[in-house]
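Let the sequences and hints guide you as you build the complete structure.
Number of protein chains: 2
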Amino acid sequence: MKKIYNEDTIDKIGEEVELFGWVQNIRDHKKIVFVDLRDRTGIVQVVGDEKFRKLSPEDVISVKGVVKERPKNLVNPKLMSKDDLNVTLPTLLDYRALTLRHPKVRAIFEVQEVVIDSFRKTMKEFGFVEFQAPLIVPSKTEGGAEVFAVKYFHYDVYLGQSPQLYKQIMLGAFEKVFTVTRAFRAEPSVTTRHLTEYISLDAEMAFIDSWQEILEAVEALIRKIMETVEESCKEQLRMYNAKVPKVSKKIPQLKLKEAQELIYKRTKRDIRGEPDLSPTDEEEICKWVFEEKSSEFVFITHYPLEKRPFYTHPDPKDPNHTLSFDLLCRGLEWVTGGQRINDYNHLVENIKKWGDAPYDFELYLQAFRFGMPPEGGFCLGAERITEKILGLANVREASLFPRDMERVDVGRAKNNLELRVKNYELN
Amino acid sequence: MKKIYNEDTIDKIGEEVELFGWVQNIRDHKKIVFVDLRDRTGIVQVVGDEKFRKLSPEDVISVKGVVKERPKNLVNPKLMSKDDLNVTLPTLLDYRALTLRHPKVRAIFEVQEVVIDSFRKTMKEFGFVEFQAPLIVPSKTEGGAEVFAVKYFHYDVYLGQSPQLYKQIMLGAFEKVFTVTRAFRAEPSVTTRHLTEYISLDAEMAFIDSWQEILEAVEALIRKIMETVEESCKEQLRMYNAKVPKVSKKIPQLKLKEAQELIYKRTKRDIRGEPDLSPTDEEEICKWVFEEKSSEFVFITHYPLEKRPFYTHPDPKDPNHTLSFDLLCRGLEWVTGGQRINDYNHLVENIKKWGDAPYDFELYLQAFRFGMPPEGGFCLGAERITEKILGLANVREASLFPRDMERVDVGRAKNNLELRVKNYELN
Chain A
854 MKKIYNEDTI
864 DKIGEEVELF
874 GWVQNIRDHK
884 KIVFVDLRDR
894 TGIVQVVGDE
904 KFRKLSPEDV
914 ISVKGVVKER
924 PKNLVNPKLM
934 SKDDLNVTLP
944 TLLDYRALTL
954 RHPKVRAIFE
964 VQEVVIDSFR
974 KTMKEFGFVE
984 FQAPLIVPSK
994 TEGGAEVFAV
1004 KYFHYDVYLG
1014 QSPQLYKQIM
1024 LGAFEKVFTV
1034 TRAFRAEPSV
1044 TTRHLTEYIS
1054 LDAEMAFIDS
1064 WQEILEAVEA
1074 LIRKIMETVE
1084 ESCKEQLRMY
1094 NAKVPKVSKK
1104 IPQLKLKEAQ
1114 ELIYKRTKRD
1124 IRGEPDLSPT
1134 DEEEICKWVF
1144 EEKSSEFVFI
1154 THYPLEKRPF
1164 YTHPDPKDPN
1174 HTLSFDLLCR
1184 GLEWVTGGQR
1194 INDYNHLVEN
1204 IKKWGDAPYD
1214 FELYLQAFRF
1224 GMPPEGGFCL
1234 GAERITEKIL
1244 GLANVREASL
1254 FPRDMERVDV
1264 GRAKNNLELR
1274 VKNYELN
Chain B
854 MKKIYNEDTI
864 DKIGEEVELF
874 GWVQNIRDHK
884 KIVFVDLRDR
894 TGIVQVVGDE
904 KFRKLSPEDV
914 ISVKGVVKER
924 PKNLVNPKLM
934 SKDDLNVTLP
944 TLLDYRALTL
954 RHPKVRAIFE
964 VQEVVIDSFR
974 KTMKEFGFVE
984 FQAPLIVPSK
994 TEGGAEVFAV
1004 KYFHYDVYLG
1014 QSPQLYKQIM
1024 LGAFEKVFTV
1034 TRAFRAEPSV
1044 TTRHLTEYIS
1054 LDAEMAFIDS
1064 WQEILEAVEA
1074 LIRKIMETVE
1084 ESCKEQLRMY
1094 NAKVPKVSKK
1104 IPQLKLKEAQ
1114 ELIYKRTKRD
1124 IRGEPDLSPT
1134 DEEEICKWVF
1144 EEKSSEFVFI
1154 THYPLEKRPF
1164 YTHPDPKDPN
1174 HTLSFDLLCR
1184 GLEWVTGGQR
1194 INDYNHLVEN
1204 IKKWGDAPYD
1214 FELYLQAFRF
1224 GMPPEGGFCL
1234 GAERITEKIL
1244 GLANVREASL
1254 FPRDMERVDV
1264 GRAKNNLELR
1274 VKNYELN
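Which chain is which? The protein sequence lines are A and B, in order.
Residues in the first sequence are numbered consecutively from 854, following our numbering.
Residues in the second sequence are numbered consecutively from 854, following our numbering.
Accuracy of the hints is not assured; some may be wrong.
One copy or two, it doesn't matter: identical chains are merged, so the pair holds either way.
Claimed, not checked - For lysine to any residue, the following SDA-like pairs were computed, each having C-alpha atoms within a straight-line distance of at most 25 angstroms:
| # | residue 1 | residue 2 |
| --- | --- | --- |
| 1 | 1077 | 966 |
| 2 | 856 | 1072 |
| 3 | 855 | 1072 |
| 4 | 855 | 978 |
| 5 | 974 | 1172 |
| 6 | 1102 | 1085 |
| 7 | 1121 | 1183 |
| 8 | 974 | 858 |
| 9 | 993 | 1007 |
| 10 | 907 | 1218 |
| 11 | 974 | 1081 |
| 12 | 957 | 1099 |
| 13 | 1004 | 1038 |
| 14 | 917 | 1063 |
| 15 | 993 | 1140 |
| 16 | 1004 | 1265 |
| 17 | 977 | 958 |
| 18 | 977 | 966 |
| 19 | 1146 | 1114 |
| 20 | 856 | 977 |
| 21 | 974 | 1101 |
| 22 | 974 | 1085 |
| 23 | 977 | 1085 |
| 24 | 1077 | 967 |
Everything labelled a hint here was simulated from the structure, so no lab data went into it.
Take a look at the structure:
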C-alpha cells in the first residue's frame, strides 16, 4: 500500500521516498526530462533522464528519489490550480472519468461533501435521528407526470420524487428525523437548474407550536453549513474566487404576494397573481434583498394551494394559500418546506382531489389514522448549494455523474455515435 | 416546540412539566385512570381522572402535571421493552407505520444507524473520501437478469446493482473512496436473505501491493463496527438478548476448495467442485470456524471466475479462480470484495465475453484507457449486519420499508385486497 502522499514530501526534504501517482505532464529537455507527478494531495516535480520520455499523460507510475526543496524563486503557491480546465460542458461530462482528476473539478466535490457532512452533523446536534428512506415507491408524492416508472415484476412502482411520506411516517417513532437520500424527477426539459437524479437533504420535525419553528431550524442550519464551508474549504473557495453567501442576523421573509408587488414596483413587469416565481423573478428578489436588506438569503412564503403538493398545510387565515416556503439565494431556490396536514380525513380527501388512489398511500395514511402531532419539514438540494457557493454556471457541474433527459454518463444523443465509433468501432 | 422528553422527567421530580407524546395504553380504575404516555425516549405513567377515558391508543396528547418518583417497589427497569411484539411478519410489515413505534422495533434501526455511522467514521479515519454514487445507470454491472429497467425518456437505463463502476472511476481522483448508497437487485425469489433494494456500504482503494490489504481493511473495519455497536447499543442488545459477534485476533481464511473439503469431511455431503457455497454450506463453515478457531467470522476466498462479475481479478497462479472473497458470520455473507482488473484491454474483452456492449461502459472504460493503479474494494449490506447482530429471523425485519417481489410498502399480493376494502371501500 502506498505509504506517503505528495503533500507529505514537504516534511521529507533530503530523504529518499517512493511516490505513487499519475503523470500530469512531461517536459523534455533532451538529457533531462521533467515529469509532474499528481496524486490526490498535489503535484511533485520529478527530474529524470531519457527513460521518462516513454511516459504519457495519465500513466500510473511509482518513482524513488531524494526529495529536494524547490528553489525559493520558483515557488508557485498556486501551482495546483493555475491551469483552468477550458472545455465545453458536454466535453467536461463526456470525459468525466478524466476531468474529475483535475484539481479544480475535484474541489467541487470536496465542497459538496463538506455541505453534506455539515448537514448531517448539524441535524444530529439539533436532536434529529438519521434514517434511510426507500427509493422504490408505490405512489407519486409530489404530483404531476414527473415520475419515473420502474419495471417491477407485475406491479406499478416508481422512483421516489422525494422521501416526504417516509419522513412523516418516521415521526411516529422518532419525532425528529433527517435523511441524506436521492430524489428523482422526470423533468422533460433541459435547463441549467434541473437534474433527473439529485441528492436530497431532508428533515422533518413533530410537535411544533408554529410553522415559524421550521423556518428557524432552516435558518440555523444554513448558518452552520455556510460557516463550516467557509472554514473548511478555504483552498477550494480560492480556486473559484468564491465567497460563501452571508447569512444576515435574521433572514427576511416575504409573502409570495409581497414579492410580486415588489417586482412590479421595481421592474414594471406585472406578475401579480401568478402562482409561482419564474427564474427571472427569483433573481430579481435576490437582488432586492441584497440591496435593501444586506442579505443574500430570503424566504418566500405562502404559495397558493394549487402549486404545492397534497400534504401542504393551508394557512388557517387564508385557506387558498399555504404554510409553505422557499429559501432563495443567489437567484435560486435552495430549500423548500412547510407545515404538513396532520389530519387523516383531510389527507384522504386531498389524495382523491389530486387524482390518486388512497390505497397507494396506505402506510402513509396509517401513520395518520391514529395520531400524529402538528409537524413540518424541509429539504435542500446538495448540488444547487454547491453550485451557488462556487458560482458555477450549471447545476450539472456540481453533480459527479449528472443525469438529464439526454445524458446518463456520456451524452445519449445521436451525435455521440462519433465517440462510439472511435473507441469501439461500433462493436 | 416540545421542550423536554419523557426521559428528562427523572431530573424534574417535584416540578411541574408539560409532556407531549402518544397514548401507549389506558388502564381504567373508575375514579382514577392511568395512561402510559410514550415518546421516543420512553414511557411515563400519567395519573388522571374520568376525562382520560375518552382517549384511545396512539392518540397524540399533551399533559401538564407534577413529576412524582415511582415507588421503589414498583420500579421496573425493563418497562420499556417488557412487551414483545407478537405478530407475524406480514402484519409487522403491513402495519409498519404503527409497528415502528414499538421500542423493540425502533431499536433495530437505532442499531442500524450506529452500524452505518461507524462505517462512515472508520473509513474516514482510514483516509477514504466519501462520495455520492448515481443510481440510474446505463449498464448492468453485476451481470445476470437481476436488474430493474427504468422507463427513462427514450433510453434504456437501469437501477444500479451496485456502485462498483463509479467507485472505480472515483479512484482516479481520490485514490481511496467510500459511499453509503442503495443497490437494487431484481431477485425473482422470496428468501429470508434477499431484498430488492438494500443499503450498500461500499469502499474501494488504489495503489495496493497485494490483495490481502483489502482483507486487512475489512477486518479492521468490522472490528471497529462491532466495538462501536457493543459500546453504543447496550440497551438495544439487551432487548434482543443479543451479543455482538466476536472478532478473533486474526480472521481465519479458507479457499473455497478448502471449505468444500472441510464440509465433506464433517458432513459427508459432497459439494466439492460446486462454484459457490449454499446457505447450508455457509452455516456449516461458520459452525466449523466457531468450534475450531473460536471465531465468529471467516473469509472464504478464491471463488471461480464464472461466479464473479467481469471486473474480478483472476488469481495469477490459478487463472480459473479469482482474487475475491466473502466474509461470513453467523451463517450469512456480510461482506464481498476482491481485487479488480485494472487493465483496459482485459476489461473490454471481459465485457464482450459477458455479452455486454463496451459502449455502455464508456465512462468506466475511460478511467482505465489511460492509467489506473492496482486496486480493489468491498461492500457490506447494512440490513444483513443488523439482522445478524440482533439475531433476527429475516432480513426484512432489519429494513425499515422492505421491498421484495411481493411487497412495496404493504404486501401487493391479491389477498391484501382485504385491507383495501376495509380502509377505503375500494375507492
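Do the hints match the structure? See the list:
no.	hint	in the structure
1	1077 with 966	both (14 angstroms within a copy, 23 angstroms between copies)
2	856 with 1072	between (43 angstroms within a copy, 19 angstroms between copies)
3	855 with 1072	between (43 angstroms within a copy, 19 angstroms between copies)
4	855 with 978	between (36 angstroms within a copy, 16 angstroms between copies)
5	974 with 1172	neither (37 angstroms within a copy, 47 angstroms between copies)
6	1102 with 1085	within (22 angstroms within a copy, 38 angstroms between copies)
7	1121 with 1183	within (22 angstroms within a copy, 71 angstroms between copies)
8	974 with 858	between (28 angstroms within a copy, 21 angstroms between copies)
9	993 with 1007	both (18 angstroms within a copy, 21 angstroms between copies)
10	907 with 1218	between (67 angstroms within a copy, 23 angstroms between copies)
11	974 with 1081	both (11 angstroms within a copy, 18 angstroms between copies)
12	957 with 1099	within (23 angstroms within a copy, 45 angstroms between copies)
13	1004 with 1038	both (17 angstroms within a copy, 12 angstroms between copies)
14	917 with 1063	between (65 angstroms within a copy, 19 angstroms between copies)
15	993 with 1140	neither (35 angstroms within a copy, 47 angstroms between copies)
16	1004 with 1265	both (21 angstroms within a copy, 15 angstroms between copies)
17	977 with 958	between (30 angstroms within a copy, 21 angstroms between copies)
18	977 with 966	both (17 angstroms within a copy, 12 angstroms between copies)
19	1146 with 1114	within (17 angstroms within a copy, 77 angstroms between copies)
20	856 with 977	between (35 angstroms within a copy, 16 angstroms between copies)
21	974 with 1101	within (22 angstroms within a copy, 33 angstroms between copies)
22	974 with 1085	both (14 angstroms within a copy, 18 angstroms between copies)
23	977 with 1085	both (19 angstroms within a copy, 16 angstroms between copies)
24	1077 with 967	both (11 angstroms within a copy, 24 angstroms between copies)
Figure legend: structure checked against the earlier numbered hints; hints not met, in rising order: 5 and 15.
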